[in-house]
Amino acid sequence: MNRRTFLSGLGAGAAISAVDWLKLFRRNGGVPGTQKSLDLARAAADTAGLPRFLIYWFVEGGWDSYSMFSPVDTRNDATLVIPAGELHPNPSWADQIYRPTGYGQAPNAPPKTLGNITYGFLAEPGVDLFPDLAVIASHNGNAFHSGGRWDYHYGSYNHSLSAMRDPDERTVMQAFCEAYGASYLMPHVSWHRWLSDGELSPSNYPEGTGYYEQLGPPYAHTIYGKTPNDMRTRLAQVGNLASSARDNRIRSFVDNLDQNFLRDHHGESARSFSSAVSAYKALVGGQGLHIDPRTLFNDPVLRAEFDVQPDDELVTSTSVNNNPARSKESPNANVQAMMTYELMTQGVSCGFFIESREVRGFDTHYSRRSCLSTQGQQNQLANITRNLWSPLKALVHRLKTTPYGTTGYSYWDLTTITLCSEMGRMVGADAGPVLSTSDDDATKYDNIMTQDVCQHWHVSSAAFLGGKVKGNTQWGRVGTRTLNPIPILQDGTLDPAFDPVTGDLLPGQNPSTSGAVTDCGSVYATSLYLADLDPVDLKRQGKGKNESPPLTFVKKA
Amino acid sequence: MHLRPSRQWSGLVLLGAALAGCQGRAVVHTPGPTGPAVKPDCDVAAFASASPADAAAAFAADVYPHLTDGKQGCVACHAAGSGRSFLVTTDPGETFYKARSAGLLGPTGGVLDRLTSAKASTRMPQGGDPWSKDWVDALARVTCMLQVAQSADGGGLPDEEFPPELLLPYVGDGGFDPDNTFLGYQQLRGKVQAIFSSGWTDGDGGDAFAANIGPFGGVDFSTHFVEARTATSDFLLSLDSLGKAVCAQAVAQQSGPFAGTDPTADTEDTPPSSTATLQAEDPTQLFSAVGQKEGTTWDLYANGTLATTQPFVFPAAGQYRLTVRARGTPSAGLGPDFDLRVGSDIVNTVTDLPTTMADYPFTLTLPKETALVGIQFTNDAQVVGVDDRNLVVDSLTIEGPLGTGTGTARETAARAAVDGLYRKILYRPASPTEQADGLALVRDLETLSGRPSAWAGLCEALVHAPEFLFTLSPAQATATDAAVQARLLLNKVALDLLARPATDAEAQQLTSGAKTLDQLVDTYLQSPEFRAYFYYKMRIRTESDGTDDADEPARLWTHLMLTGKPLRLLLTGDFGMDAQLNEVPRDPVHGKTGLLTMKGFILHKPGFPRFNYAARVLEDFLGYTFEIPPEVIAARLNATAASTVDPTSICFACHKLLTPLAHQRLAWDDNGQHRTLSDGNQPIDDTDFNLVADYPYKGKGMEAFSTQAVKKERFIRHTLDAEFLMLLNRPMRHDQDERVVYKQLWDLVQATDGDLRAPLKAIIQSPHYQGK
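The listed protein sequences correspond, in order, to chains Z and C. The numbering of the first sequence is the numbering used here, which starts it at 51 and goes up by one. The numbering of the second sequence is the numbering used here, which starts it at 59 and goes up by one.
Treat the hints with care, as some may be off.
[Stated by the list, open to error] Here are the simulated DSSO-like pairs of lysine-lysine, each with C-alpha atoms no more than 27 Å apart in a straight line:
1) C:K177 to C:K97
2) Z:K494 to C:K830
3) C:K573 to C:K177
4) C:K756 to Z:K494
5) C:K770 to C:K801
6) C:K801 to C:K830
7) C:K801 to Z:K595
8) Z:K589 to C:K129
9) C:K623 to C:K756
10) C:K770 to C:K657
11) Z:K443 to Z:K520
12) C:K129 to C:K97
Worth flagging that the hints you see were computed from the coordinates, not collected in a lab. Bear in mind the structure is a predicted one, so any value in this text is a computation, not a measurement.
For reference, chain Z alone in the conformation it holds in the complex (with noise of 0.2 Å):
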């Protein structure tokens, strides 16, 4: 370690001010510690010069997080009884909790604690890989569709979704693959898209707002991964493009042209413009692939170490709650995990967006009545299963067992996975509003019977894995009676004027003034501290305007 990458990572240590910290918990205006790391100087600095890989891991439409990370063990109301007609049941229409069908029986379990990770049953699959996970159950998503998705793609900070995007602001993936995607060929592959969602109307989201793919230098640009056959199409047209003499003078005689395009023309087509050329040249003026392209994505070994069927490899297209169809023009989340892997060991890619395919597949909404009938709510744990825990483990276990070259290092020490949930679910709702009207006996029941008992929620969570995470750890916790998450300090701890099982605030106890209960920029800093960058600096450097500090806890020390 030279002087000079040490005073980098004692910087990137240092930045993380107690400053930084308050805008968190400024709610109560409080003063944290300002006790900083120089051990995560060192241990960023140990790896300087080496690459960094990042992923997302996204579940779109949003996981139950009650029997996920943030567990609570409750009745399961969807089993009682009640005659038609009631409005007054015992326990009240509103104080009724409805947790997945089979709830409390395997594989349907309460929650259960492993190490030290207290989870539910939606988060059993993933047991194996508890010891490298890291677990924020204290943590509150965006209960709004898209509005969650941009959040989680952007930080929290002031902003309008179909607003113009602002030079300095950044996705995480663009802000990380910023720092370290210059040299790859193609360093920022998502499978999301802004406009798959069907609420969203396009002509309120013209270029340049909403999610904007062209933010920072081109090669952090989203390149969206789409299929496996349309990511060998590319890179085959790539290679051959890239790998000619002809095909290299035709592109000098175009860059002329293009040039003096842009010499003249500023306007928005015309940025847009020259952007996807240089994202084009980045592709194809490089010294061409190494690769094979017909040769990847093939591997019988690995298609069935990520069990990708003949489906998986195709787009779906789908019309939610009636929402105009839309697609995310993706394949299945376990092929976009095998794309990661080969892309990543490839040298092709650095950072990746891997987003369930189907549009809002999470999105269990679900009536009283239906839950009743079924008693209880609409089961996720085979979708999270699918989409989720099986792919993620068998990306785990391929970056722990490939060597990152001659290093020392293996893919899995150089990469962070966050995972995360457009947001929570609702376990009940609240009748009180609707017997309260003057509506007949009648009215009011079945008005109650079509209530959505599992709406958006902002009680989420979510949990980093990879090399400088600091494993087998779980911090802050849902209240059991609250059923609310319970702010954390600054290290980690929740905080103390509160219940820590029940979350109640403590008679005569005054909130703590440095606690405060993780948000989606929360997320965005970590994954960026995880991967040995300062977002306070970043941001400050105008790459992005997320406020949220990281959660310097999670690292490694």
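With the hints as your guide, set chain C onto chain Z.
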């Protein structure tokens, strides 16, 4: 009995009360010493003679400074572009009129209610101290003046008139670059078809365009539903494949841009033959490391090569005669042999030279090249003391290229071919420099891949040129030839309206003066191509999934465009549309609701409890944007019980529209079927229930909504925006530099009773569209 929305969140939230700043973070709020000021009553008598202008003036003088106050003002969260319904712009008048047209300066549910709300969770400013009584009173005076003025006016509603603030000069940043738009999928198809006289097929004859619809950002209404918003690297990569295929085919078939040209023809001229005689004894001309000068000859007494001192320039491909003048001295009765070499190639061998000096000519065909020419002595021998075999060279003469030469005919023809490609692919002549550069590219490529491929390469390059890829060729602005300028502009118009470039005949009509641009646009608007392309764009605009039902809204929109019927019929037509875009009667239960009650429109927009229908109607046709700002999220964390239409609720800003409209659609179920009874078999009441005092679309059912909505300035503006999006790929900057354009379009709509063709034509004639 009636249906009511059920409450959408539970009472499980028990976090301690906290307010939220505009970042949506929990912050400490220290209530003012006296709490929020009380909302004063409106003293009507005090403002009996007030006018809206008086209210605007009072707002600017007494309220706007408070809105922009650094500590307690609103601008930090409500600046232009913040996505809020209440916007504080840099202009007091604009801020006033925007707020007024948004209904935020009304007696209830507006800014005043939010400032004086007793609920901390909804009171503004969030995270700050409540406004003082003086500040609140100042705003109350303005709202009261406005209330009195509007009731006295008795004229049109404020939200139905052209926004007065937009009559003011635009004083903001005027740095908008001229518009241009990148080719869309259909436009690319049309352009390729027009230029290459064929589509793009794969090896099996399949539609390669369709196979690449994703990278090209197209819509097929089955797997791809949203057009690309921007140029992408994937587009350019697929363009490589497209260019290679169509250019190679055109070269091979001498079709499209290569029709009438011979891509195998030599591009270089052959000069007249010339002769160079190089003397062997002159080391500046011929040189060897072996041998010695002997008079006027060079004696190669050992095996070695006498070669040109410098590589010889063969100026063109052709026949050359190389003559070696030499003699030999024999050994063992055998004279010397030599190889004649050009570069590394042995092109001729002469054996057993006699002792007398003689010429040894050899004619061969050479490419244009620069190469050493050598005479290599190969069979040195001696019998010591008896004889010694040597090669004695006198000279090397190089003649050629044999013949009289071609003059400049080939170069001229090749430059003309380059020019022809520019004309056919880029629709303009190539400048002399471009001809030279293009020809240089062809010649370079010829050395790499042969002549036909070289010409295909120039074609591929031009297909990648910005001039090809933008609807308005950048050359249009710099062309000095008026005919070229006109053609390039007409190309854009044709691409935007017909998804293909203008034909030569159309261009001729324009440049000859036979038709004006406006007349040509009229012709275009009557063409089947326009009908097809506009229908395609409207299918995208109305988000069809390709079914017959889902296409009906697009058919209506296209019908109105083609016939010039009033745009208000979009929402108030009392007829259906058949597949041929003809009006057909429909069940009277629809009333005057246009596309709003078409089954295909309702199908993708559920009503209660999701509000999607209301949101999409208000977004798609009235231009509202419903975002959930962080403070709403923060407020919901602490929600216990609130009605969405409670003016003191933070939900009210959006739900003052969403909830009444959702009620008005109750007579239609989510499958687009009319109904009179609810699922619970109760009669449906589809009035707005008078839930919101200021709801602008009051009344029973969708007809009440639609017949009032079409009068709104928002509706007209957003319908015009659809045309802006089609032609300029962006909404109109109606409140910025294009407010004058907007006024022109507004007046046109009024004058033509809403003929959609009129604004379309006006936009085409506007400087922004024409890149000026």
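For each hint, the structure was consulted:
| no. | hint | result |
| --- | --- | --- |
| 1 | C:K177 to C:K97 | holds (13 Å) |
| 2 | Z:K494 to C:K830 | violated (63 Å) |
| 3 | C:K573 to C:K177 | violated (67 Å) |
| 4 | C:K756 to Z:K494 | holds (26 Å) |
| 5 | C:K770 to C:K801 | holds (15 Å) |
| 6 | C:K801 to C:K830 | holds (19 Å) |
| 7 | C:K801 to Z:K595 | violated (38 Å) |
| 8 | Z:K589 to C:K129 | holds (24 Å) |
| 9 | C:K623 to C:K756 | holds (26 Å) |
| 10 | C:K770 to C:K657 | holds (25 Å) |
| 11 | Z:K443 to Z:K520 | holds (18 Å) |
| 12 | C:K129 to C:K97 | holds (21 Å) |
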